[in-house]
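If you read the protein sequences in the order shown, they are chains A, B and C.
Here the first sequence is numbered in the working numbering, starting from 7 and rising by one per residue.
Here the second sequence is numbered in the working numbering, starting from 2 and rising by one per residue.
Here the third sequence is numbered in the working numbering, starting from 15 and rising by one per residue.
If you are wondering where the hints come from, they were derived from the structure by calculation, not from laboratory data.
Only a predicted model underlies this, so the values are computations on that prediction, with no experimental measurement involved.
We put the beta carbon where it would ideally sit given N, CA and C, even for glycine.
Hints may be right or wrong, so weigh each one.
On the chain C side, residues computed to face chain B include the following (Cβ under 10 Å) [said to hold, decoys possible]:
#  : residue
1  : F45
2  : D175
3  : L178
4  : E179
5  : E180
6  : A181
7  : A182
8  : D184
9  : P189
10 : L191
11 : P199
12 : L202
Each chain is listed here by its residues.
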Amino acid sequence: MADPTSHTSLKRRRRIRRTVHFGEPMPPGAHTFRAAWLCGPALAWVTVFLLVPLAFVIALSFAQRGDAGEVVWRFTLENYSRLFGNGALGFDPVQPLILARSIGVGFATALLCLLVGMPVAFFIAGLTRRWKTVALTLVIIPFGTNLLIRTYGWQTLLSPEGWLAQNLASAGVPLADYALYPGWPAVMLAMVCDYLPFMILPLYASVEKVDWSLSEAAEDLGAAPLRAFWHAVLPQIRPGMIAGCVLVFLPATGQFVIPDLLGGAKVALLGNAVQQQFGGSRDWPFGSAIAVAALLVMLAGLWLHTSVTKGRREVALP
Amino acid sequence: MWLPIKGARSPFLNSQRVRLLARWPHDFASSSPAVSATKSALQPSDPKLAAHSALAVECQHLTRRFGKIDALAGVSLNVRRGEFFTLLGPSGCGKTTLLRIIAGLDLPDSGGLRIGGVEALPLPAWRRPVNTVFQSYALFPHLSVSENIAFGLRMQRLDSHHIVRRTTSVMELTQIMPLAGRHPNELSGGQKQRVALARAIVNEPEVLLLDEPLGALDLKLRKELQLELQHLQKRLGITFIHVTHDQDEAMSMSDRIAVMSAGRVEQLGTPEELYEQPKTRFVAQFIGACNLFDGKFVSHTGNTVETETPLGLLRVELSAAGIDLAEQGQLSLGIRPERISLTGGEAGDNRLLGRVEEVIFNGAETHYRVTVDKAELRVTELNSGRRAIGLFPGDSVEVSVPPRNIFLLEG
Amino acid sequence: MSRRSPLTALGALLVFVFLYAPIAVVIVYSFNAARYGTEWQGFTVDWYLRLIDNDAAIAAAINTIELACTSTFFSVLLGSVLGYGMSRYEFPFKRIFHHVLHVPVFIPDIVMAVALLLFFSVLRKWLAGFELGMITMTLAHITFQIPFVAIVVRARMADCDPQLEEAAADLGAGPWLTFRHVTLPLMLPGAVAGGLLAFTLSLDDFVVSFFTSGAGSTTLPILIYSSVKRGITPDINALATLIVLVSALTVVTVAWMRGRTEVKN
Numbered sequence: 007m008a009d010p011t012s013h014t015s016l017k018r019r020r021r022i023r024r025t026v027h028f029g030e031p032m033p034p035g036a037h038t039f040r041a042a043w044l045c046g047p048a049l050a051w052v053t054v055f056l057l058v059p060l061a062f063v064i065a066l067s068f069a070q071r072g073d074a075g076e077v078v079w080r081f082t083l084e085n086y087s088r089l090f091g092n093g094a095l096g097f098d099p100v101q102p103l104i105l106a107r108s109i110g111v112g113f114a115t116a117l118l119c120l121l122v123g124m125p126v127a128f129f130i131a132g133l134t135r136r137w138k139t140v141a142l143t144l145v146i147i148p149f150g151t152n153l154l155i156r157t158y159g160w161q162t163l164l165s166p167e168g169w170l171a172q173n174l175a176s177a178g179v180p181l182a183d184y185a186l187y188p189g190w191p192a193v194m195l196a197m198v199c200d201y202l203p204f205m206i207l208p209l210y211a212s213v214e215k216v217d218w219s220l221s222e223a224a225e226d227l228g229a230a231p232l233r234a235f236w237h238a239v240l241p242q243i244r245p246g247m248i249a250g251c252v253l254v255f256l257p258a259t260g261q262f263v264i265p266d267l268l269g270g271a272k273v274a275l276l277g278n279a280v281q282q283q284f285g286g287s288r289d290w291p292f293g294s295a296i297a298v299a300a301l302l303v304m305l306a307g308l309w310l311h312t313s314v315t316k317g318r319r320e321v322a323l324p
Numbered sequence: 002m003w004l005p006i007k008g009a010r011s012p013f014l015n016s017q018r019v020r021l022l023a024r025w026p027h028d029f030a031s032s033s034p035a036v037s038a039t040k041s042a043l044q045p046s047d048p049k050l051a052a053h054s055a056l057a058v059e060c061q062h063l064t065r066r067f068g069k070i071d072a073l074a075g076v077s078l079n080v081r082r083g084e085f086f087t088l089l090g091p092s093g094c095g096k097t098t099l100l101r102i103i104a105g106l107d108l109p110d111s112g113g114l115r116i117g118g119v120e121a122l123p124l125p126a127w128r129r130p131v132n133t134v135f136q137s138y139a140l141f142p143h144l145s146v147s148e149n150i151a152f153g154l155r156m157q158r159l160d161s162h163h164i165v166r167r168t169t170s171v172m173e174l175t176q177i178m179p180l181a182g183r184h185p186n187e188l189s190g191g192q193k194q195r196v197a198l199a200r201a202i203v204n205e206p207e208v209l210l211l212d213e214p215l216g217a218l219d220l221k222l223r224k225e226l227q228l229e230l231q232h233l234q235k236r237l238g239i240t241f242i243h244v245t246h247d248q249d250e251a252m253s254m255s256d257r258i259a260v261m262s263a264g265r266v267e268q269l270g271t272p273e274e275l276y277e278q279p280k281t282r283f284v285a286q287f288i289g290a291c292n293l294f295d296g297k298f299v300s301h302t303g304n305t306v307e308t309e310t311p312l313g314l315l316r317v318e319l320s321a322a323g324i325d326l327a328e329q330g331q332l333s334l335g336i337r338p339e340r341i342s343l344t345g346g347e348a349g350d351n352r353l354l355g356r357v358e359e360v361i362f363n364g365a366e367t368h369y370r371v372t373v374d375k376a377e378l379r380v381t382e383l384n385s386g387r388r389a390i391g392l393f394p395g396d397s398v399e400v401s402v403p404p405r406n407i408f409l410l411e412g
Numbered sequence: 015m016s017r018r019s020p021l022t023a024l025g026a027l028l029v030f031v032f033l034y035a036p037i038a039v040v041i042v043y044s045f046n047a048a049r050y051g052t053e054w055q056g057f058t059v060d061w062y063l064r065l066i067d068n069d070a071a072i073a074a075a076i077n078t079i080e081l082a083c084t085s086t087f088f089s090v091l092l093g094s095v096l097g098y099g100m101s102r103y104e105f106p107f108k109r110i111f112h113h114v115l116h117v118p119v120f121i122p123d124i125v126m127a128v129a130l131l132l133f134f135s136v137l138r139k140w141l142a143g144f145e146l147g148m149i150t151m152t153l154a155h156i157t158f159q160i161p162f163v164a165i166v167v168r169a170r171m172a173d174c175d176p177q178l179e180e181a182a183a184d185l186g187a188g189p190w191l192t193f194r195h196v197t198l199p200l201m202l203p204g205a206v207a208g209g210l211l212a213f214t215l216s217l218d219d220f221v222v223s224f225f226t227s228g229a230g231s232t233t234l235p236i237l238i239y240s241s242v243k244r245g246i247t248p249d250i251n252a253l254a255t256l257i258v259l260v261s262a263l264t265v266v267t268v269a270w271m272r273g274r275t276e277v278k279n
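One chain only, chain A, in its complex shape (with noise of 0.2 Å):
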């Protein structure tokens, strides 16, 4: 509107952006400068000790075992197609099986966990406010206690000794000797009442949102309550069904207690085929593939949580 020739006379006060933080004004950098200040230093212990040894694990994944167990640093991709089942004797289905086997037990948790953690979730968002924090804080303390513990008291209640084969014994359920413990069963048990916190937490975030009076208007124009719940309620709780899937998912698939102490022999996930690399057979170099394979899986399962979840709020972990 006005010559910009006629404020000459005003000072160019500022050529460079300041910005002001909190009221106080700062020079370019500043910010940045007491930002590294803040953050540099927990960053940096994160990367070195966790982003750096991770290299390594990367690094060693194409190295070579030596005759004795050593490492030999001679560049080779044998040990992922191991991984992928090419044995010193053809193809040998162990290392893909277990690959698949722990996507699978990944998957098959998720989802028992969905279906057990629903009631559960619904049941509390029904509860008074000072009952929500009871029933949720009970939700929470199995997960706050040791899983070596919890894990080795299903051992205990599932083993052909044990309360409860006892008391199917005398109800007289058959029941072979070792038919829970150890194998599937105990593991499958143990994994759900283990990763259900993961599941209820976030599904019950969603349930206590959920806008019910669609439901009701739902059933008001005629809509069984089957059908109500289908089409008003689980869309809206879909996003914590997704959360909770992902949270449950990506640990579960790492797991290497729950198979190790309940699984027995016939159970290896992941996890114990690292373990054992790493352990008994020496083999460190294809251990790391595994391992770099575990890290494959859970960044495929993070990445299908934030494209999934996108724009939404993050649910908050426990």
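Chains B and C: place on chain A using the hints.
Coordinates of chains B and C only, in the frame set by chain A:
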């Protein structure tokens, strides 16, 4: 326990003290005798005060860009000491940005700013003699009401007796004494508003900045607090800069208003000036209702201009400010609905023949929609009860438009 | 499914029974007089008394607590500052760092454990006298604790309006006073909750500890693991019960604190 604030508010401390003490016995009932004894020596006519700038805030061509948007596109305005000044405009017009720049919570890209005659841009927020009442109130959730109010005084490292005394008198002034021990989450919206106000004025700022302070409240409470704010301002004599998008609020409270739009000040003036002599279409429409139409310059004699409009030939009597506008070919004209008369009017009015299209009775007044030729006019008649107009849709009517009340507009 | 139908309530009740079954079993058997096997042979508190004489258990308990305290102290220090910085400052590559921060949260324990084992064994080749033990375990624990603390603190700060800090500056508080009187009190509940979470994580961790431990740095989870592998003795039940008790208390404290701060805000 408290770290010293180096030279905190040093340019202002003296004058603030003086102002505080000068008003003390009047505004703060619980002042001590010792303080009031010094009063006579420190009348407001003190030379120190007189030497002080008569302007509380001076903005010189302030600009501020956010990405591609000009939040402020060169704003220059002066706020006089002790006045109730309002920045009025629709959301996104830059009024809050200007307020934040004055408070020191943002910096302009260019331009100058003085507060109380002192260059303010180099000063961080905590050294500026201004306090803000935030739109969200921003009360500290971990502190009680009285601790919230005492916060500013604690930061100035005043002694605790002094803090308690001033906190108490401000709480009495704003009628929140019973809430002293509560936490902000236990307060209603109106109560929070009072606490936020008390927390700001207890520091005796040169300028109090209010960012839509009543925006979150319901209508009844808003009306009530409008009055209170106004009384408080007159009583304390603090300069208020008030940001709002509510034109009624601005009109009823302010000494002067700056109407802002798209980062510019459209017009600055008293509420009467803005209503009677709006300079731009935007102001005419934003403040009150207005009939707007285009016109063509025909001729002028003295300060009366003849224009060709969709309503027909209209005579417009110009105020001094509008004269050079009249030389342009295209004109923009406006008239307030209540200045048009359907009941005769006065001698010298423009007389037009129209047709009543719609009648809306609204208690104190009646609104008419009248067509003249093809143009439409909104007309408001006061139902004074002295005579019934008795017009119905379809009736022909003589419309009187006083030449004095037509204004020429820019843009 | 409705929120208040009796069927939902029954289902929920069964799930709670399922959740607590393994813990209940351990607690019940810790009072079982039987020396071997799982048959109930009467109530006793003998196993608890025997723990006092169990040097290995005492040493492991001391190690566990020492490890948890040290690592929690450092992780709260680093993590809170990080959480605060990430919530209130912008810097280049912030999004990438945000993702980096989530790696330790989601990474399978075993992968992190072998990565650290590998890293420490490389360090051992370079540094004379660097051995696996309490130090390496502490370093490892701090690594997985930092993100949890930072995330909790950041979430807490995200709930606090940045305008509060602007208000403080407006009321005359400089950066340090603003931090001391506004930011810190607002952040504290987050830091404490994050710290308690970090403490529980350290207390519970088995896999990472197992791989980074050395001679003489056995912790309770490692002790329990080896006992489970060898065959449980009843005093391990008693030990486990005590651990469960401590964990539950921590969780309840966190929940109580969270409830209190929620009411406050």
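Each hint, compared with the structure:
1. F45: At 45 Å from the nearest chain B Cβ, F45/C fails the 10 Å test, so the hint is violated.
2. D175: holds, 6 Å
3. L178: Holds - the Cβ of L178/C comes within 10 Å of chain B, reaching about 5 Å at its closest.
4. E179: Hint on E179/C: holds, closest Cβ of chain B at ~9 Å, below 10 Å.
5. E180: holds, 5 Å
6. A181: holds, 4 Å
7. A182: OK, holds: A182/C within 10 Å of chain B, min 7 Å.
8. D184: holds, 5 Å
9. P189: Result: holds, 9 Å to nearest chain B Cβ.
10. L191: holds, 6 Å
11. P199: Check passed: Cβ of P199/C comes within 4 Å of chain B, closer than 10 Å.
12. L202: The hint holds - L202/C has a Cβ within 10 Å of chain B, the shortest such distance being about 9 Å.
This entry does not satisfy hint 1, going by the numbered hints stated previously; all others are met.
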